[in-house]
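Reading the sequence shown from the start, the letters are residues -17 to -1, 1 to 336 in mature numbering (1 follows the signal peptide of the UniProt record, and there is no 0).
Hint data in this document are derived by calculation from the structure and do not stem from the laboratory. Don't take every hint at face value.
[Claimed, not checked] Capping the alpha-carbon separation at 30 Å, the derived lysine-lysine pairs in DSBU-like fashion look like this: (1) K138 with K184; (2) K133 with K69; (3) K233 with K186; (4) K138 with K151; (5) K151 with K115; (6) K138 with K97; (7) K115 with K133; (8) K233 with K329; (9) K69 with K115; (10) K151 with K184; (11) K151 with K133; (12) K25 with K69; (13) K184 with K97; (14) K97 with K186; (15) K69 with K151; (16) K69 with K138; (17) K186 with K138; (18) K25 with K97; (19) K25 with K151; (20) K133 with K97; (21) K233 with K184; (22) K69 with K97.
[Stated by the list, open to error] Okay, the calculated beta carbon distance ranges per label pair: (23) G96 with S174: 30 to 40 Å; (24) K25 with A221: 39 to 49 Å; (25) G150 with T19: 15 to 25 Å; (26) G113 with T217: 27 to 37 Å; (27) G26 with N313: 34 to 44 Å; (28) G198 with S294: 21 to 31 Å; (29) V316 with Q56: 25 to 35 Å; (30) P225 with N268: 14 to 24 Å; (31) T315 with G150: 41 to 51 Å; (32) N37 with E328: 39 to 49 Å; (33) Q56 with D199: 13 to 23 Å; (34) P83 with G12: 34 to 44 Å; (35) G248 with V131: 28 to 38 Å; (36) P225 with P188: 24 to 34 Å.
Ideal placement from N, C-alpha and C gives every residue a C-beta, glycine not left out.
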Amino acid sequence: MVRLQLVILATIGAVRAAPTTAEPSTPAGLPLPVSTVYSFPKGSFVENLAVRSNGEILVTRTTSAELVLLDPQRPGCAVPVYNFTKAGLSGMTGITEYAPDVFAVLAGDYHFGKSVGVGSWTLFSLDMRGVKLSQAACGLAGGNLPRVRKVALVKESQLLNGLAAHGKYVLASDTFAGLIYRVDMSTGDYSVAINATYLSKLKTPHGVNGIRIVGDTLYAANSGQSILVKVPITENGAEAGPYTVIAHNKGPVDHWDDFAVDSEGGIWAVTASGNTLVRITPDGNTQTVVAGNLNSTAIAEGSSAQFGRGSCDSNVLYVTTVGGLLGPINGTVVIPGALVSVDTEKRGAVGIY
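Start from the sequences, fold in the hints, and give me the full structure.
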């Protein structure tokens, strides 16, 4: 997710003892296969994604207010579905499904390399019911468009980033403020849900970045502190127990950005300028590099990840990449930001559980 170049800092102590993790390993049989679904124009900061129940994927970019829809079964076709310049905004960050085929989307007055849109970040509802890609051409079937509703302008926010649905609320991480807001998607009422040390920033501008909710557990990546944590939460998104530090970064230029949680509780995290995808065991004791490496363009500055939802792609992890726009691969290489797919089906055969 959105960030600047970071200086990797020491992490703070944990409420519970943090697991001691070995350096990320790469067993025989890896890396897992990576394929490009769609490459955006060079200079695109491809930020986040949401996989629909029909298999199509919505993709956001911080460098554009245009939300696009893709079908991973039809590589090369990307269709604009809405442009938030209509609301006077210039870039997007988080997206999550909060009701069947209805999505929360963040847009703000973000200008890459210049300003992050402090005070402009707005949460919208995007109703995609009845909207799908045409099978005959690269466009929308029947010309149907999503229904878009402004939910809340969070005036106090600095940089709203990650989103996660939780009952009637959507939780939104504010990376520069180092806290999490809750927003009632019906009324637009919002307030701070969590303001904790484990989400805060240290000497970098960054605190909490990507967030996911599984059941009543909130998972969060803190880019500045180089930690992944989890905490039980109440029905309104407040803390309900102690934090557990799951893992720390290992690579010198790695930092946790966004991630996906699999059915076994394992975490698949992108490492931004580390150019890798790492699978972390539920107990945090083992980190395995499953795709990419520091000098590879396979996972070129990953920004987010989500598993497919259909029978044909439930073992496919879709990853958005920035292409080295912030940290060039090998120091010099910048490629177009993209949506790529990682085939995880054979991970058990190489000992990745």
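For each hint, the structure was consulted:
no.: 1; hint: K138 with K184; verdict: 20 Å, holds
no.: 2; hint: K133 with K69; verdict: 12 Å, holds
no.: 3; hint: K233 with K186; verdict: 19 Å, holds
no.: 4; hint: K138 with K151; verdict: 21 Å, holds
no.: 5; hint: K151 with K115; verdict: 25 Å, holds
no.: 6; hint: K138 with K97; verdict: 19 Å, holds
no.: 7; hint: K115 with K133; verdict: 22 Å, holds
no.: 8; hint: K233 with K329; verdict: 25 Å, holds
no.: 9; hint: K69 with K115; verdict: 22 Å, holds
no.: 10; hint: K151 with K184; verdict: 28 Å, holds
no.: 11; hint: K151 with K133; verdict: 16 Å, holds
no.: 12; hint: K25 with K69; verdict: 24 Å, holds
no.: 13; hint: K184 with K97; verdict: 20 Å, holds
no.: 14; hint: K97 with K186; verdict: 20 Å, holds
no.: 15; hint: K69 with K151; verdict: 27 Å, holds
no.: 16; hint: K69 with K138; verdict: 19 Å, holds
no.: 17; hint: K186 with K138; verdict: 24 Å, holds
no.: 18; hint: K25 with K97; verdict: 18 Å, holds
no.: 19; hint: K25 with K151; verdict: 38 Å, violated
no.: 20; hint: K133 with K97; verdict: 26 Å, holds
no.: 21; hint: K233 with K184; verdict: 19 Å, holds
no.: 22; hint: K69 with K97; verdict: 21 Å, holds
no.: 23; hint: G96 with S174: 30 to 40 Å; verdict: 32 Å, holds
no.: 24; hint: K25 with A221: 39 to 49 Å; verdict: 43 Å, holds
no.: 25; hint: G150 with T19: 15 to 25 Å; verdict: 36 Å, violated
no.: 26; hint: G113 with T217: 27 to 37 Å; verdict: 35 Å, holds
no.: 27; hint: G26 with N313: 34 to 44 Å; verdict: 19 Å, violated
no.: 28; hint: G198 with S294: 21 to 31 Å; verdict: 23 Å, holds
no.: 29; hint: V316 with Q56: 25 to 35 Å; verdict: 29 Å, holds
no.: 30; hint: P225 with N268: 14 to 24 Å; verdict: 19 Å, holds
no.: 31; hint: T315 with G150: 41 to 51 Å; verdict: 47 Å, holds
no.: 32; hint: N37 with E328: 39 to 49 Å; verdict: 21 Å, violated
no.: 33; hint: Q56 with D199: 13 to 23 Å; verdict: 34 Å, violated
no.: 34; hint: P83 with G12: 34 to 44 Å; verdict: 38 Å, holds
no.: 35; hint: G248 with V131: 28 to 38 Å; verdict: 35 Å, holds
no.: 36; hint: P225 with P188: 24 to 34 Å; verdict: 27 Å, holds
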